[in-house]
Every structure is written in structure tokens, then in C-alpha cells.
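Asks: Sequence:
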Amino acid sequence: MTTVLGKMMDSLDASETEIEYRARLEELKETLAGLDVDNNVLKKVNVLSGYMENKFSYEDTLKNMKTAKEWVLSYLTEQMSAMPGSYMETENRILCLQEILEKFDLFMEAFFEKEPHGKAGIDKRAMRSLEIKNEYDVQHILYALLKPLFPEARTEVPEDTGFSMVRTDIWIKELSAVIEIKCSRDSMSIKKLTEEIAADMVHYQAEHIFFFLYDKNKIIDNPYAFRSTYQRVMDGKDIRIIIHQPKTL
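Here the sequence shown is numbered in our numbering, starting from 19 and rising by one per residue.
Incorrect hints may have been included.
[As the list claims (entries may be wrong)] Straight-line alpha carbon distances no greater than 30 Å define the calculated DSS-like cross-link-like pairs of lysine-lysine that follow:
# : residue 1 : residue 2
1 : K62       : K81
2 : K47       : K191
3 : K151      : K209
4 : K61       : K87
5 : K25       : K191
6 : K234      : K151
7 : K234      : K121
8 : K73       : K47
9 : K84       : K255
Think of the hints as simulated: they come from the structure by calculation, not from any bench.
Make the full structure from the sequences, and use the hints.
Replies: Encoded structure:
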């Protein structure tokens, strides 16, 4: 599952010990409360999640715990399928947004590098002369790419963090989604990049935070490990990492 709730359910499903089960169960309950689900759902989860502890057999206790876990997951899977269409539509649009961000390189290649038709008035040499120098260039192209499918998207939207103001690179209010763009440069270190990401995770209050990293200087040695480290659900925020390391442009 790829929704915030789905990720919490996957995390609960992966729990193998009582400590893990209880911790992830509490995180799941917090997520449910944040989604403003019916109180009866939370009450049902509380009932189903309980299990009998056998003081004489830890193995038997774990068996009971796993049975309770299965009941909770089965019940929530059923509830998710019955959620209002608007909720599922939002989740589907989030998946669509992520797919577009992940395939940004295909757009760049097709638009800037593919040879135009012989009768086209587009000058390929002029297009190839375009160069992405900073995150404002990336923002301009990415915004134009997203606008047809997400007409509600806006750029440079101010947000009050409670103690200061920050500006979102691209904000899609209806999805409660922020796209924070980072573009590597000669003076940027991996330490500086990770510090900026860590700060932004705290500042932005959107439910979905996409970090779009256009690493043209290839300062990220291992994109897979980087993504695994920073992509998570934190304080009810769904944080996703998109990394592009262009070969040419």
C-alpha cells in the first residue's frame, strides 16, 4: 500500500515483537485520528488489537498478538475500501503526482533531446542551448509540466510555520501536497543538502511532502540508500524522495 494509512498498516504488519506491535499500533491510531475517521473505527481497532498474554508461554502470547494484528489489518482494509470516493480520488492523484515526478527525466529527454520533425519550426540547437543552472529553472519546467493535470498548483506560496515564514516551491492545496525542489551546485555539499531536507521536514505542515532533488552535480553517491534513509512517514507527514541525476543537458 502507498497511502499514509497504508504505510502505517504495512508497518504494523511487519511488527514481530510485542514492543514493535504496540509502538506501531499507537502510530496507526494517531494516523487514523489525523484522518478524522469515525470514532467507531478507532473504538473497533482498540477492541480488535487486544490479545491475551500467557505468562507461561511467550510463544503463545506472540501467537495471540499476531491473531489480533490480522484482525486489525483485515478490518482496516475493509474500511479503506468503503471510504468516500473523494478520499480514494485524492490518494490516486497523489500516486499520479509521484509518477510524473519520477518520470521527469523522460519528459526532459523527449522534449529537449529528441530530433523534431523535419518540417517543425522548433530549432533543436536553440533548445539544446537551454541549461538548468538552479532550482528556479527546475521549478519553472516542473510547474509547466504539472499544471495541466493539477491546475490548482501554485508556486512560491508562503506558509506560517508558527515562528517564521517559509515559501513552498510548488503547493497543491487540494492534495495537501508540497514539492520542495533542490538543485545541486558546485558549492553544495551532501551535508548541506541533508540539513536543508531535515529542516524542511519539520517546517512544512502538508500531509504529503515531495523532495524533488535534481542532482546535476551528482553529489548523492548512492541514490537508493539516500531515498531509503529520508523517505518515511513522520509526525503524520508522508515524506517522499525523488532523485534525478541527468546524464546530459
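Asks: Take the hints in turn and mark each one as holding or not.
Replies: Here's how the hints hold up against the structure:
Proximity of K62 to K81 is assessed by CA-CA distance (about 20 Å); at most 30 Å being required, the pair is judged to hold. Restraint check for K47 and K191: satisfied, since their Cα atoms lie roughly 25 Å apart, inside the 30 Å limit. Under the criterion of a C-alpha separation no larger than 30 Å, the hint pairing K151 with K209 is consistent with the structure, at around 20 Å. Simply put, K61 and K87 have alpha-carbon atoms about 15 Å apart, close enough for the 30 Å limit, and the pair holds.
Between K25 and K191, the direct Cα distance comes to roughly 22 Å. Compliance with the 30 Å bound is thereby established for this hinted pair. The hinted pair formed by K234 and K151 meets the criterion: a straight-line CA distance of about 9 Å does not exceed 30 Å. Pair hint K234 plus K121 holds up; C-alpha atoms about 16 Å apart against a cutoff of 30 Å. Distance hint between K73 and K47 is fulfilled; the C-alpha atoms sit about 27 Å from each other, no more than 30 Å.
A hinted pair counts as satisfied when its Cα atoms are at most 30 Å apart, and K84 with K255 qualifies at roughly 27 Å.
Violated hints: none; the structure is consistent with every hint.
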